[in-house]
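Novice: Protein chains in written order, with the working numbering: chain E, 1 to 327; chain H, 1 to 327; chain V, 1 to 327; chain A, 1 to 327.
Honestly, the hints are just simulated from the structure, not real lab data. Careful, some of the hints might be misleading.
Treat identical chains as interchangeable: a pair holds within one or across any two.
As the list claims (entries may be wrong) - With a straight-line cut-off of 16 Å between C-alpha atoms, the simulated EDC-like cross-links for lysine to aspartate or glutamate are:
id, residue 1, residue 2
1, K136, D27
2, K61, D173
3, K23, D133
4, K178, E310
5, K317, D268
4 protein chains.
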Amino acid sequence: MDFNIIRCARTVLHVTDLEASRKFYVDTLGFIETESDSKNLYLRGLEEHNHHSIHLKKAEKPVVEALGYKVSSDADLDALDEFFTEKGFQTKWIKEGEQLALGRALRVQDVSGLPLEFFAKMDHVERLLQRYDLYKGARVQRIDHFNCMVEDVEKAQDFYMKDLGFACSEYTDTKEGKVWATWLHRKQTVHDQAFMNGVGPRLHHIGFWLPDPLALIHACDVLAASGYGKSIERGPGRHGLSNAFFLYLRDPDGHRLELYSGDYLTSDPDFKPIRWDIDDPMRQTFWGHAAPDSWFNEASVVLDVISGKEVPTKQPKLEQRKPEFII
Amino acid sequence: MDFNIIRCARTVLHVTDLEASRKFYVDTLGFIETESDSKNLYLRGLEEHNHHSIHLKKAEKPVVEALGYKVSSDADLDALDEFFTEKGFQTKWIKEGEQLALGRALRVQDVSGLPLEFFAKMDHVERLLQRYDLYKGARVQRIDHFNCMVEDVEKAQDFYMKDLGFACSEYTDTKEGKVWATWLHRKQTVHDQAFMNGVGPRLHHIGFWLPDPLALIHACDVLAASGYGKSIERGPGRHGLSNAFFLYLRDPDGHRLELYSGDYLTSDPDFKPIRWDIDDPMRQTFWGHAAPDSWFNEASVVLDVISGKEVPTKQPKLEQRKPEFII
Amino acid sequence: MDFNIIRCARTVLHVTDLEASRKFYVDTLGFIETESDSKNLYLRGLEEHNHHSIHLKKAEKPVVEALGYKVSSDADLDALDEFFTEKGFQTKWIKEGEQLALGRALRVQDVSGLPLEFFAKMDHVERLLQRYDLYKGARVQRIDHFNCMVEDVEKAQDFYMKDLGFACSEYTDTKEGKVWATWLHRKQTVHDQAFMNGVGPRLHHIGFWLPDPLALIHACDVLAASGYGKSIERGPGRHGLSNAFFLYLRDPDGHRLELYSGDYLTSDPDFKPIRWDIDDPMRQTFWGHAAPDSWFNEASVVLDVISGKEVPTKQPKLEQRKPEFII
Amino acid sequence: MDFNIIRCARTVLHVTDLEASRKFYVDTLGFIETESDSKNLYLRGLEEHNHHSIHLKKAEKPVVEALGYKVSSDADLDALDEFFTEKGFQTKWIKEGEQLALGRALRVQDVSGLPLEFFAKMDHVERLLQRYDLYKGARVQRIDHFNCMVEDVEKAQDFYMKDLGFACSEYTDTKEGKVWATWLHRKQTVHDQAFMNGVGPRLHHIGFWLPDPLALIHACDVLAASGYGKSIERGPGRHGLSNAFFLYLRDPDGHRLELYSGDYLTSDPDFKPIRWDIDDPMRQTFWGHAAPDSWFNEASVVLDVISGKEVPTKQPKLEQRKPEFII
């Protein structure tokens, strides 16, 4: 590989009402609003020194425009362009200056149809990690990962591991030895990118890192007190897989967020991926609770990076399992 | 009133397998085993200086023998005897020495058919509050309250408030102005005794106090790691009513425990009871989650203090509501 | 006794700069500002349904005007007046309406020279316990206790226990059997009123209750980020005595606050007071840290309820000990 | 660079009494004892899948034998050998099998005289991250970093950054622009290796990662309850530098440990090191507390990897500062 992908770094989401989004993300969850105008809202977590990790765009329908990865240097972008082009993927360049605070960016639909974006440069802003006087809501520290539903998890996993250099921390397989879900990382945490078997390509959720479990509990209380009780879709609970203490929320447009704490270090090249049986009840929820149907069935549709149109979804290759057995 | 009831103080539960109970209560949840023999297990929390707050008796069926209240002095017992006898209740004395570590005790079936016990004296033991080296599991500090299902909540409430001197902190009523559930206290916390409309008389759960919310989360993790994932019936969550951060467990015999933290002080005589509408979704679970059916339907049968036989249950006076609207 | 004192309820403090006080108490620590004008600031904690627990008055010098106790009923005030008058104390009535939100109040200098106030009625306001969206800073829940330095602890203790009906939860004595410090309560917590041997009468600190230990740690972070690093005088740490997880702060005028969590229930009349040896290093700070000199030497001067002048202080009866051995 | 250092991975410490060490590390702090014999104790944290991160050897004097780094592959060891040899350093090989559970290891005295060790292979053992039933004491998750006192911080920093490929996250400098202390990392946390100006070469402390702040507070309580109050040297507190919530302990031989939580992600190559002024009071302790003299003056002497003798220490190049201004 001639390129070095650093980490999951930002997402571009379409939302239908920026004021409703601001009330949810900024006023309630406590994301920092770096910048905004009548059509855009740029948000970041408390430890982030990059301009934003969420870009919300006012639009007609709530879809996902891009899943952005930061790469090590500008030259990596050219190497990625060459790699994708050689493989037969159609890439698209966005020039520096076309996107606020970003250097030039490369976009491409990945092997599952997900709208990837790569960039090396984003403007630096003040890191507010020690501005505890500004902490509120969920005290979100930083973006952590993307979790996507795809029709063929093994194909997606192969591509990310063999071609893009991701490592696997944990995975779920079926009795027949088929990979049903997988957790992949570039940075040294459990994941930057997870895939699970389902109607896809769709974004299931974006994960955000919290400093401790009580911040998550407080987030529930603040959400409920602010009238967002129905936004709490699942949790709090402990995932067996990844050991995360989690909470799943739906934003005002239905995009799903995961708030969580409780990761572990995945720096070692000889770390052996942890296998979970799809029928192990502790895999999904260590404490044994079932996920609601909505968590299982609903996810955000993605856009085509070239046409700008919604990417049609397909049925998954493996059998879908009941919510109890999904993560 | 010529007597002074101090607080909810102990419960006598019948269980079918003492070893299974010990593994659950002592090894996993971290209750202190004060004393035991082949037929009895006496347990207490970390701040308790009384001999026990749970007495588990080996028996054929898992039922509730007694709900024990501590009174201020021995003379209060005679006053209570006189009061109940005058009112036409049949009382029963248990002599000092007949029950391990207890002074003489008075038992009586209350107005709803619940097996009450009153005592003034229990042996003192070492308080282990600062023996942090012994802390494990849920770090249970002390017994807090009884919650019982009764057929006529208003009748029960009237008796406890007018005749026994309890105060009400919070209550739920229906659109027709009927009390559907009520939280009553003698000590200065939210409750010693709660009643809710349901098939009764039955003990719904015994509440135990935890030092902080993370102890409750750790309890979930320890239970799951110890094979008790299925014992977690509901939670963690926040009750609107009482503001408790709660977890409901079923012990190996099906008796229900509530672990919780997050009370408030109820010392003021001019504190106005907080009213909750039965249809307020935040009443039961502040964060908006529904309770499982088992939480709504299942509870522990109680014994008759005179005959020692199970007290037959009756249908509740008010309509039963769906689990979403119960606490 | 013909009166029933409920609990430590409010304090009236003189401060020199109301804006500086507001920035510290409201903006940083998160107290709720119930009401204010150019000369007064009325503050309360999140669970308090009474109008205020701190009344800050603009004045030339930072002194203590009153330590206020809530009593059960208006008749208790007359009984207290009679009791104090018979004992030879000079009492002073403040009529309903003279103090904002308060019914009539009785003031008297106690046996140590401390300016006590008793009242039965204070206006009710909205309890904000579940308005988690308003939580900030230290998340202070309610006033908990007064801690005062007096020249003769045994005399003070006798008066409060025998004449006013307080119970003792814990105390410190010297090798000669003299009481060096004592923790007394009316409500069912460790204390409403503590006394320790020292130059007195002075108010050492007012204690406030926090919901959990992380709220206290967050308070440190917020104070530091807001430029109040120097206001943190001692802690966080664990007191052996009372088991409190504590933090001591100095407000902009030097009045001392204690933030803490980690109490226990003191409802039982047969609870035996816990004795601590003055030379036990774990008594003061369970973890073994020494208190700074300022904590040992500095305290707030009090006013005479009749003359309105500062009450002269006297040297304590017992030898003063090094800071390491004080709590 | 032809080698890839992964992370700080283990330390070999000489201790004088293995039973005393076991009581402290295993029984009290809750480290997992992987293996032991009459002369050795091998310990690991709860998330560690490698055999150990601390190797305690019974010896006459408490010194540091090695600071071990894990490298990516066996070939990296040869590349490191070549690199050091070319630079004029004397290296030493330890064959596979000579050290329990380890593959072959390369040792060398670094530019400051510190005894480095590199290895690629260590036996895998069960990861106990989700065995919550085994959690106790401090719930240590994993080794995090080494902090060493050296006479010339700039020289050490240059060597680690330019020759060994470390990146700098934060540093302290003097008014004259001299680097007084520096935080360097290979893995994506704040540090693997910190250097500070002082009598050296000596190991100041080994840092261990905890899952949350309450685990640290509980560690204090457990240590105190187990008779280790005097082992708590400093904290709990918040470092301005690194944002760590910290606790410093001295083991029974005087070796210093840091327990901490509260790091941040350092994955980005364009992360700008954070500069702290040596006179900024919030640098050392965000909340403003001073460190005790012992923390400033005492540290563990290291051994020469060739001779096995103690490495003589030298005075630091820059002026030593008062404890208040050190981290």
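Novice: Could you tell me which of the hints above the structure violates, numbers in ascending order?
Specialist: 2, 4, 5
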